[in-house]
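Trainee: For the protein sequence lines, the chains are A and B, in the order given. Residues 0 to 498 (numbering that gives the first Met the number 0) are what the first sequence spells out, left to right. Residues 0 to 472 (numbering that gives the first Met the number 0) are what the second sequence spells out, left to right.
Because the hints were derived from the structure by calculation, they are not lab data. A portion of the hints provided could be inaccurate.
Stated by the list, open to error - Cut-off 27 Å, straight-line C-alpha distance, at most; resulting in silico cross-link-like pairs (DSS-like, lysine-lysine):
hint, chain 1, residue 1, chain 2, residue 2
1, A, Lys236, A, Lys199
2, A, Lys199, A, Lys114
3, A, Lys423, A, Lys443
4, A, Lys118, A, Lys199
5, A, Lys443, A, Lys426
6, B, Lys155, B, Lys357
7, B, Lys155, A, Lys426
8, A, Lys71, A, Lys257
9, A, Lys257, A, Lys114
10, B, Lys367, A, Lys257
11, A, Lys401, B, Lys155
12, B, Lys367, A, Lys423
13, A, Lys118, A, Lys236
14, B, Lys357, B, Lys367
15, B, Lys407, B, Lys396
16, A, Lys401, B, Lys367
17, B, Lys194, B, Lys357
18, B, Lys194, B, Lys407
19, B, Lys396, A, Lys257
20, B, Lys407, A, Lys443
21, A, Lys443, A, Lys257
Listed below, chain by chain, are the residues.
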Amino acid sequence: MERETSPRRHFIKSGMLAAASLAAGKTLSAQEQVDPEEAAVPQAGPIATPPAASNTKEGTVRDQYDGFSRFKPSRGNDPDSDYYLGKLVPGFRSTEEGPAPFVAPDLEKLPYVMKDGAKQFELVAQNVRREFLPGYEMDVWGYNGSMPGPTIEVTQGDRVRIIVHNELPEPTTVHWHGFELPVQQDGSMTLTQNPIMPGKSYVYEFDIHEAGTFFYHSHVAMQEAFGMVGWFIVHPKKVFDPPVDRDFGLIFQNFHIKANQTISNSWAMDWSWHTINGRSGPFTTPLVVKHGERVRIRLLDFSPMQHHPIHLHGHTFWLTGREGARTPKSAWIPRNTELVGVAQAAEFEFIANNPGDWMFHCHMVHHMMNHMVEQVGPRIREGANVDAYMTNLDQRPPVDMKHSEGFATPGYPQGMQGMQMSEKFMKAIWSRREVQGMRATWPKSVHGLMTLLRVLPDDLYQQVMETDDVPKGAIFEEIVQRFGTPGTYQKAPMMKMGH
Amino acid sequence: MDGNLFLKTLAQVATAICLLASSASGQELAPTAKQKIEQLLTEPNDIGLDTAAPGTRWDGLAIGQSNAAEVHTLNGMLELAARSNPTILQAQYQITGQLAKAQQAGLYPNPMIAYIAENIGVEGTAGEWQGAELEQRFVTAGKLQLSRDKYLQRAKVAEHLAVAQQFRVCNDVRIHYYQTLAAQQILDLQKELLKTAEDDLATTREMFNAGQANQVDLHRANSELRRQQLSVLQAENRIRREFLQLSSLVGMELAFLPLSGDLHAASDLIDYDTVAQRVLSQSPEILAAHSKLREDQITINRESVEWVPDVIVGGGVGRNFEANDTTGALSVRMELPIYDRNQGTYRQAQADYIRQQKEIRRTEMDLKMRLAMQYETYLSAAQHVLTYEEMILPQLKQAYATSLQSYKEDRLAWPHVLHSYRDYTLRRIEYTDQLLARRTSEVLINGFLLHGGLNPAPGAIPPGHLDATPNPR
Ligand SMILES: [Cu+2]
């Protein structure tokens, strides 16, 4: 009963229609049949802003597969079904359109020229300044002004030529991680080639017969610890089925950088900063997808020595491949959390059937912070604050030895009080289109190896990605309106959250 | 502190010690389970400064702590000392004494009057001659004037020495004033360290409760706090001593008031050659020594005429009973300098003159010696002060500021901030000591290296002086 009358139900139907129009022209298979019950739901409803069917394509993609729905949380009826948990549920995009564009948020793509039958890239190894968080510019090493380096993207069967220029003060080589290439091209320093000396260049050239998730990195250990890595994505000649609508790449890294420092201690056995594609939460850029899309996330752990159990909220994903190769479908595993080890890549695929703003993060608690500091001192003392100390550096305020009520509880304080987010900091955090309309307090919860997956109905996706000045909380509240229980929703306090 | 107050204080100390002992033992008495947990988790044994034996506190000593609007000033102290320091008065009486000697030494000898009866009983007479005779010694060769000059010259020596004594007193008053001032500043800084030690304990408790510190750390923090409390008490005791000493130098009982003033040097860097020349040419000690040499020259002159015989002339009128006639009498006497021509004393005076020449040399060398030592102290202190001001303190202050900022940004743990502030404050105490050392040396160098404002004011005769004629001459 609830399904038929709630506005949520209505939206799902509307969204389905929108989605259907998106995939216009695609022929219906025997399995793709519309639920007559759902089709009977009238389109008019109480929603103020009915979703527009913005996509002009005519839809042939279903929303129901053996009990699995691409538009609502669901599992399906049969674990052995091809559609269980959306396993083989296709995206809106057809395989004929080729692979979905690969997107590594906050990273550039490395351009190439066709020369002598090869895609010719130029990589410059150099030191790089990278803003991990607004106002926190770190000195790391990378390629072409970027850390991680720019993405090399090719297609299976290409011949590639990569000219590497060494602008570092020490020798380097580049290793093409995972490729079955001629040994001279492997980039193992001194084992297979002489080092590329400072100021010198070196040309790598090889044919690519494999497809999948690869990366390139310096083959000098300390240079690796300093961030010298980049994606090397090889799209298959024959697009993988089922086709995905989104193809994201995230590189997870760790650094140890002291306070008031910008240079990582590459000898440290510890961490203090974490980055995803060179940025730390909440400066990481959320992955924004449309409700019902099939999403692939490729994830590389390039930390010096930390493995990451990666967890996605609100969805169950299929582990469809590791960095070795795409896994045969029979061996795909449904997961909530996948442990990704150092130098390993993993591919997650899922249908974004649950609208909202979802955490996507490493589950190691110490990796969910930017720089962990013991929470003692004025920070946790009643009536005390650091500014009082800063106003007079020659005399310090007296200490009140009395403790707060909570202090009687062993373990107090466990809550990290969080860093002070300045106006400027908050402005930078909110300046990205991808975060428009999120709850005002969201930056407080996203730190370190954390980013967000935003699953938005078409119209909200449009608002976020194509219009400006969406008020804080507006998109989230709209999702609560449509898919949640608005009666119990409490707005985030606006406080001084920037802008 | 009078006797009653002292006894009362002693009783307070004793009571406080007893209280401490009983509270400590009370904590060991089987606590209830609840108490035990709280004590373990949040109430580690620690005793704050408030519980320090009250009689051992010397409150209200730091600037800013006294409610009195009045303060002591250096000039006020110097004026008081000039009036009340006993040695300055002593020095003045040394001059008076020499002037009195000069007066005495220049007095003309009194005439003698005599009644004379000669040959009593001759021929049955009462005496052949009876009469009165007046005798006068005529001093020759300007002996009296020379003697007077000699003691007048000694009075000049005493004047130079009185100036030296004034320098001794004023230098000492200045030095002790600055010492008290430094003690005030150091007490303030020790109190800053005390607040930091209290914070360290609070922080350790917080860390203990968060599992980041253990009982060992708590014991350490407790003992560190107690140690810092002792440092504060010591700083208070130091002010008390300094102030009492200053009071003694001034020569009267002073009510304790905070001192106003600045420990910074009054002048630019002192040049050694300039100051050495000044000290060697203008030091009252040198001037006194030269003055004394002149006195010794006069002594030689005086002793060189000592052999010149005085003429003693006597005359009178009497009755010659034999001749039954009134007759007169006349005598003229003088010593024949055959054996004693005062050769020994003359040589002694000559020796003393040469000895005094060496005394001048000795004084110069002694001043050089003292100046060398003082200048070394001064130079080291000046170098310290300069480097602390230009580099060390700004760097440590910046380190503290940066660590605070880092803490604010949640990138540094609080104990690091405490450490920075402790560092900064400890170096500020060192800086204060160096300021004091520089100021002290500056006072001594500019004040002809004289100190010891409560030593007896010396007389005009230097140690080793050969004075074989105790009677003024
Ligand atoms: Cu992790």
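Trainee: Indicate, hint by hint, whether the structure satisfies it.
Mentor: Hints versus structure:
Restraint check: the Cα-Cα separation between Lys236(A) and Lys199(A) comes to about 35 Å, which exceeds 27 Å; the hinted pair is violated. For the proposed pair Lys199(A) and Lys114(A), the alpha carbon gap of about 21 Å is at most 27 Å, so the pair holds. Only pairs whose Cα atoms come within 27 Å are accepted, and Lys423(A) paired with Lys443(A) is accepted, the gap being roughly 15 Å. At most 27 Å may separate the alpha-carbon atoms for a hinted pair to count; Lys118(A) and Lys199(A) meet this at roughly 21 Å.
For the proposed pair Lys443(A) and Lys426(A), the alpha carbon gap of about 14 Å is at most 27 Å, so the pair holds. A threshold of 27 Å between alpha carbons decides the hint, and for Lys155(B) with Lys357(B) the separation of about 20 Å falls inside it, so the pair holds. For the hint pairing Lys155(B) with Lys426(A), the CA-to-CA distance comes to about 85 Å; that exceeds 27 Å, so the pair is violated. Restraint check for Lys71(A) and Lys257(A): the C-alpha separation of about 45 Å exceeds 27 Å, so the hint is violated.
Distance restraint check for Lys257(A) and Lys114(A): the Cα-Cα separation of roughly 45 Å exceeds the 27 Å cut-off, and the hinted pair is therefore not satisfied. This hinted pair does not check out: Lys367(B) and Lys257(A) have alpha carbons roughly 55 Å apart, beyond 27 Å. Of the pairs offered as hints, the one joining Lys401(A) and Lys155(B) is violated, with about 71 Å between alpha carbons and a cut-off of 27 Å exceeded. For a cut-off of 27 Å, the pair hint linking Lys367(B) to Lys423(A) is broken: about 66 Å separates their Cα positions.
Among the hinted pairs, Lys118(A) with Lys236(A) is consistent with the structure: their alpha-carbon atoms are about 16 Å apart, no more than 27 Å. A C-alpha spacing of about 15 Å is found between Lys357(B) and Lys367(B), which places the hinted pair at or below 27 Å, so the restraint holds. For the given pair, Lys407(B) sits about 16 Å from Lys396(B) by alpha-carbon distance, which is consistent with the 27 Å threshold. Proximity of Lys401(A) to Lys367(B) is assessed by CA-CA distance (about 60 Å); at most 27 Å being required, the pair is judged violated.
Taken as a hint, the Lys194(B) and Lys357(B) pair is broken in the structure, with Cα atoms around 59 Å apart against an allowance of 27 Å. Taken as a hint, the Lys194(B) and Lys407(B) pair is honoured in the structure, with Cα atoms around 20 Å apart against an allowance of 27 Å. Of the pairs offered as hints, the one joining Lys396(B) and Lys257(A) holds, with about 19 Å between alpha carbons and a cut-off of 27 Å not exceeded. A distance of roughly 16 Å separates the Cα atoms of Lys407(B) and Lys443(A); the hinted pair therefore holds under the 27 Å criterion.
Restraint check: the Cα-Cα separation between Lys443(A) and Lys257(A) comes to about 22 Å, which is no more than 27 Å; the hinted pair holds.
Checked against the numbered hints above, the structure breaks hints 1, 7, 8, 9, 10, 11, 12, 16, 17 and satisfies the rest.
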